[in-house]
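Engineer: Dock chain one against chain two, each of which comes alone in its own frame, and use the hints as you go.
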Amino acid sequence: MLGVENTKCECGHQNSVGTVLCESCGKPLETDDLSDLPLEMRYDGVARRSQKSNPNFIDRIWNFFSSVKIAIHMIVITFLTAMLGTIYPQENTFINNFDPSVYYEETYGLPGKLYYLFGLTHTYESWWFIGLLVMIGTSLVICSLDRVLPLYRALSKQQIRKHPQFIQRQKTVFRHQLEDDEEQWSDQFGAQLKRKGYRIHRDGTALLAEKNRFSRWGPYINHIGLILFLLAILARSIPGWQMDSYVTVPDGDTVQIADTNYYVKNEKFTVEYYKDEELPDKLKGTARAKLFETKAVLYECVSKCDDQLQEPVLEEVKRHNIVVNEPLKYKGLKLYQFDFDTTPRLNAVRPVLVDKRTGETYGPFELPMKDSPLQHKLGPFTLDLYANYMEFAIGDNGEPVTLSRDPVAPAFIFTVKGPGLDPAGEPYLYFPMQKDKVKFSQDTINAAVAAKIEIRVDGMENVDFSEASTYLNVRMDRALPYVWVGAAFSMIGLLMGSYWQHRRIWLRIDNGELSLGAHTNKNWYGMRSDVATALQKTGIAVDPKSLDNGGNNA
Amino acid sequence: MGKSRKTVQIVILVAVLIIGGYAIGSALFSGKDEGPLKAGSEPPQFELADLDGHVHRLSDYKGKAVVVNFWGTFCPPCVKEMPEFERQYEKWKDQGLVILAINLSEDTLTVNNFVRRFDLHYPILRDVNRKTERSYGLKSYPTTFFINRDGSILEIKVGGMTEADIDERIERLLQR
Numbered sequence: 072m073l074g075v076e077n078t079k080c081e082c083g084h085q086n087s088v089g090t091v092l093c094e095s096c097g098k099p100l101e102t103d104d105l106s107d108l109p110l111e112m113r114y115d116g117v118a119r120r121s122q123k124s125n126p127n128f129i130d131r132i133w134n135f136f137s138s139v140k141i142a143i144h145m146i147v148i149t150f151l152t153a154m155l156g157t158i159y160p161q162e163n164t165f166i167n168n169f170d171p172s173v174y175y176e177e178t179y180g181l182p183g184k185l186y187y188l189f190g191l192t193h194t195y196e197s198w199w200f201i202g203l204l205v206m207i208g209t210s211l212v213i214c215s216l217d218r219v220l221p222l223y224r225a226l227s228k229q230q231i232r233k234h235p236q237f238i239q240r241q242k243t244v245f246r247h248q249l250e251d252d253e254e255q256w257s258d259q260f261g262a263q264l265k266r267k268g269y270r271i272h273r274d275g276t277a278l279l280a281e282k283n284r285f286s287r288w289g290p291y292i293n294h295i296g297l298i299l300f301l302l303a304i305l306a307r308s309i310p311g312w313q314m315d316s317y318v319t320v321p322d323g324d325t326v327q328i329a330d331t332n333y334y335v336k337n338e339k340f341t342v343e344y345y346k347d348e349e350l351p352d353k354l355k356g357t358a359r360a361k362l363f364e365t366k367a368v369l370y371e372c373v374s375k376c377d378d379q380l381q382e383p384v385l386e387e388v389k390r391h392n393i394v395v396n397e398p399l400k401y402k403g404l405k406l407y408q409f410d411f412d413t414t415p416r417l418n419a420v421r422p423v424l425v426d427k428r429t430g431e432t433y434g435p436f437e438l439p440m441k442d443s444p445l446q447h448k449l450g451p452f453t454l455d456l457y458a459n460y461m462e463f464a465i466g467d468n469g470e471p472v473t474l475s476r477d478p479v480a481p482a483f484i485f486t487v488k489g490p491g492l493d494p495a496g497e498p499y500l501y502f503p504m505q506k507d508k509v510k511f512s513q514d515t516i517n518a519a520v521a522a523k524i525e526i527r528v529d530g531m532e533n534v535d536f537s538e539a540s541t542y543l544n545v546r547m548d549r550a551l552p553y554v555w556v557g558a559a560f561s562m563i564g565l566l567m568g569s570y571w572q573h574r575r576i577w578l579r580i581d582n583g584e585l586s587l588g589a590h591t592n593k594n595w596y597g598m599r600s601d602v603a604t605a606l607q608k609t610g611i612a613v614d615p616k617s618l619d620n621g622g623n624n625a
Numbered sequence: 004m005g006k007s008r009k010t011v012q013i014v015i016l017v018a019v020l021i022i023g024g025y026a027i028g029s030a031l032f033s034g035k036d037e038g039p040l041k042a043g044s045e046p047p048q049f050e051l052a053d054l055d056g057h058v059h060r061l062s063d064y065k066g067k068a069v070v071v072n073f074w075g076t077f078c079p080p081c082v083k084e085m086p087e088f089e090r091q092y093e094k095w096k097d098q099g100l101v102i103l104a105i106n107l108s109e110d111t112l113t114v115n116n117f118v119r120r121f122d123l124h125y126p127i128l129r130d131v132n133r134k135t136e137r138s139y140g141l142k143s144y145p146t147t148f149f150i151n152r153d154g155s156i157l158e159i160k161v162g163g164m165t166e167a168d169i170d171e172r173i174e175r176l177l178q179r
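These protein sequence lines are chains W and G, in that order. Take the position in the first sequence, starting the count at 1, then add 71; the result is the number in the numbering used here. Take the position in the second sequence, starting the count at 1, then add 3; the result is the number in the numbering used here.
Extracted from the complex, chain G is given alone in its bound form (with noise of 0.2 Å):
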């Protein structure tokens, strides 16, 4: 009897471990991904289409410097920004620059002309239903974020910048 009795105070301390470390582990660790997102957290994951119909993922760019530009054709200041991005994407593409700039969901006869009208070579990519802009919490535009190498974001711009901004900001980017 002393033996079962021991054998089952084992088995509910064991359960208690496994259920309140699971309970206790998850309550830790959800408190990390909540909230917005700010320099050092990991940017959350998406698989968009670009104007050619190539599928893209943030995850096929690992190892590579990103920047991720969300903009629409009705905001001034991305407007101004996109051939400044233009003009960074040819200087430093060579360095393994990578630049996504994610279209706040508007129609493709929109997105397709002005693409044309600037001349850009760097993916376009196509938010649907506003879904990747909510799950990055956009609040304004343009956002633009920086993501190192490792896959973290080094910094999270809100607003428009300046060409200099810009160039400024990758080349911190690239020597990470």
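If we strip away everything but chain W, and leave its shape as in the complex, we get (with noise of 0.2 Å):
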């Protein structure tokens, strides 16, 4: 040991290491500190609780993290690598899988190269943002344990009867001889107080007026709506917690949303744009759209799920019209309009087989562009589907290939059996689409079996085809109502700590000698009101400037 700091009070208290203003009486501990000068009340000049003689190493972390100058030190560095974040768009900014390592350097130059290399590409969810992040939530408990216990204990065990020096190092001051009866005058005193809001306690002719505790609480509300706010936000990283993804429904399909067990069907999407005399002049003539909306049906997967070999089982759990900012909301998922392609895609047709030598017609039969079922019987014809192709081209050697795997210019090679054809099956190539049959002249192709029957669409009813697909962004969040209680009650913290004080007036009187002192956290100017307004109602004609003892935030 290398001796123990004499902290005992003239008046018998045991104050802690670390007090300034004895915990009991008031009186100033700090025996050099002989100056008249305002006392700093800060924490009522209790110890903070780390505060010890001899810390040990779990008391220097602890220490680390109860300063505030620490605290003030990270959140400033937090401000600036946040800043550094701004300066070119965050990786997770980009829809498309793009590559990081390219994009950087190829827009940016050298400067974008480095950016990438530093991994300020993605500042929000690096291990040292989140380290810092995780160090200011750290500090935020720990500053504020180790304050708002001592000073409730303080604040709620005063002593009434303060030390004279207490009283008159105070920032508003007032001393005055008193000609009354010193009892009366003090009832007197304490009653217009009262009328101000004022709480009294009484020890004989010491009094304590008191007002608006609770508003010293404001900032450790505060600070709990903070720490709420940054648990939310690091709770994001949990799987599951958010998402942001996107999802591509062309009309009257349902499609399987990337990572959940949820499946969305566009019934159908419309835009409507603005008529011409809907638009200002200089808008005029340009497609202004006017609404975008989905109806959307949203499936969860009740089984089947994974199953590669079945279709999986679905039951529709919510119905609703996306439009922008109206999104689909269900259980936490958010399906938003994002975009739209109005390109339509032929999805089935029901063409009817015409035998051209009798004039009869057959069907109509069903043939989607995928996965058609392979045989069609209509009367005494049958079609065996042979092969399809999507998008039908002649490839280098004459054969028949495909371009792509959408329906952009589908073709059926049916072989047909019946009436006046080959036994065996005569191949007949089939386009849906008008533009196809002419570009590569079906009949020339088909020949012969041309002259003996066709496979024909009659009227649009019998095509099917999706006028547009619908780009929703998928969204979840479930950190977001932590997020908000974590923000009311900062904002109830923040309203609790600036739009109420926390005012207290001591006096005490000594052989006719009033002594009077009172302390505000803030707004000296209602502070020093008060006090005038109630020792004028008594008697004591004052001016409230007169009452001002010195010093700062005057």
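It should be emphasised that the hints constitute simulated quantities derived from the structure, not laboratory data. Worth double-checking, as some hints may not be accurate.
Per label pair, the in silico range of CB-to-CB distance [said to hold, decoys possible]:
(1) G/F121 x W/L551: 49 to 57 Å
(2) G/R137 x W/A559: 33 to 41 Å
(3) G/R152 x W/A521: 55 to 63 Å
(4) G/L54 x W/Y345: 47 to 55 Å
(5) G/K9 x W/C372: 50 to 58 Å
(6) W/D330 x G/F121: 29 to 37 Å
(7) W/D330 x G/R152: 23 to 31 Å
(8) G/F121 x W/P444: 18 to 26 Å
(9) W/G311 x G/F121: 55 to 63 Å
(10) W/R359 x G/S143: 48 to 56 Å
(11) G/R133 x W/K427: 27 to 35 Å
(12) W/F150 x G/S143: 37 to 45 Å
(13) G/R137 x W/T341: 21 to 29 Å
Backbone N, C-alpha and C fix where the C-beta goes; we use that ideal spot for every residue, glycine too.
Structural biologist: What follows is the structure, given as structure tokens:
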């Protein structure tokens, strides 16, 4: 032991190390401080919880986080590094599968390359940034705890009769020689303060008047809110808590939302444009969208979800017409209208088979572009699907090929059997789209069989196509409610601490001599006016300004 | 009181260690599986049916040298490669080579016709709605992944290969 500091006050109270003002009578404890400047009243002069004479390892860590100075440094560093993250777009702002190692250098040159190499392209997800947030969170908890508990203790057992030095070294002071009866004057003065909303505590002729103590807890409630806020943000890294992806759904299709058990169906996408007369002159003639709407149905897979061989069993859970700013919401999942594509896509046709020799028509039959049944029976005719092509073309070797997997120029080759045809079947090439029929001269290719039969679609009602595809933004953020709760706490704390002030007035009368000191944490003007008004009502005229004892924040 | 203060300190510091450790750890960890696949990374798992309805998982082939090839009938270099893969498969299958050719979500008839035409014997897997292709971050076709016995990617070849290219890579893959 290096010798224990003497922290015992002359009033007999044993204070802990680091105490500035005696916890009991308020007498300043720093013996070398002989000035009569206003006292440092922060935390009512009590020691921080962690101030110890011989700290061990854990205490040292604790003290590090307990320091407001270090907390401020951490906050400044966080702000500065957060700024770095705004120089170039962050990786997560790109929707498509892109390669950051190439993109930044190509787009921004050497600075872009360095930006990527330093990991600033994902600043807010980087370990060191999250580390800073964790440290700020720790500091918030420890700083608050270290101060709020001693402050609570100090404020809940205040001594009414304070040391004269304590009273005279407040920032608002008043001294006066009383001519009236001491007790009577104190009663009167107390009653006046009571009307102003003060709570009065008496100890003989000593008096303590106190108002709005709760505002002292404001900063700590604010800190609780901030801690909740930070925890909620950190919780986003829990799998399944946050999601931000995109899904393309053509009209009539049902598409699985990646990484979820949900499927979304687009029953119909509509886009409406403004008419020219609705637009201002300079926009006339341009296509300005008035409404995008997706009639969406959300399904949840209930069984056979991961079975590759069977269709999943879906159950409808929600139906909503998605327009901009009115997403489909279901259990935290939100589907927003994001974009659209009005390229039509052929889904299926219902053609008929015509026997040109008799004029007889058979059908219609259902012919989807994808995964069509392999055989169609139409009266005396049998159509066996031999091959299909999504985007028909003739390859270099003269063989039919497909150029893509989307039904851009679909073609079907049937082997047709029936009356008047080769019993082994005759090939028939069928283009559902008129433009392809002409382009590839269907009738010439089909040659002889084209004179006998024809497969054709009668009328648009027998054509099923998607007029458009809708692009939806899928979002999920389970942390958001907690962020709001945190923000609400933080706001309540701020309001408590800013709109109310903790005001206290101490007074004692020794042999007719009145000593009065008053303290508040802000708005000294109001404090002085409270004191001056109460004094005036009890017959002591005083100018509020004259109560000022100097010091800062007057 | 001194004792309870110490307990509070330890409880808070341990909580910070757990929550902070998890947050920082997951930030460190998630950085690794983001971004496009490259040599050395783990290929995404898949579970796909072949033409006979047998389900194949990538994990079924752990410990074997695997070639995963994405192909479509609409892509001429893919079409050219398929019979070459067939010959390479016949050549190396006794040494444990596995070829998984994943079709790019085309319809059944198209795939069946193709496989019949070229008489292919290695498993042809059927991707559905481009799911597997997306998880592999495919940008162009064909793309072939050579996967080591330890389950890591040896090489990703984007675009067509000559038969000699395929042969040389498979030999290298089997030597590891």
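Engineer: Give a verdict on every hint.
Structural biologist: Going down the list of hints, with the structure as the test:
Against the hinted window of 49 to 57 Å, the Cβ-Cβ separation of G/F121 and W/L551 comes to about 54 Å, which satisfies the hint. The supplied range of 33 to 41 Å is met by G/R137 and W/A559, whose beta-carbon atoms lie about 40 Å from each other. For G/R152 paired with W/A521, a C-beta distance near 57 Å keeps the hint of 55 to 63 Å intact. Between G/L54 and W/Y345 the Cβ separation comes to about 52 Å, which falls inside the hinted range of 47 to 55 Å.
At roughly 52 Å, the beta carbons of G/K9 and W/C372 sit within the given window of 50 to 58 Å. The given range of 29 to 37 Å is respected by W/D330 and G/F121, whose C-beta atoms sit roughly 35 Å from each other. At roughly 29 Å, the beta carbons of W/D330 and G/R152 sit within the given window of 23 to 31 Å. In this structure, G/F121 and W/P444 meet the distance hint of 18 to 26 Å, their C-beta atoms being roughly 25 Å apart.
One distance hint, 55 to 63 Å for the beta-carbon pair W/G311 and G/F121, is violated here, with the actual separation near 43 Å. Under the hint 48 to 56 Å, the C-beta atoms of W/R359 and G/S143, about 36 Å apart, miss the expected range. Remark: the range hint 27 to 35 Å for G/R133 to W/K427 is contradicted by a beta-carbon distance near 42 Å. Between W/F150 and G/S143 the beta carbons are some 43 Å apart, a value that agrees with the proposed interval 37 to 45 Å.
Between G/R137 and W/T341 the CB atoms are about 28 Å apart, so this pair conforms to the stated range of 21 to 29 Å.
Of the numbered hints stated above, those contradicted by the structure are hints 9, 10, 11, listed in ascending order.
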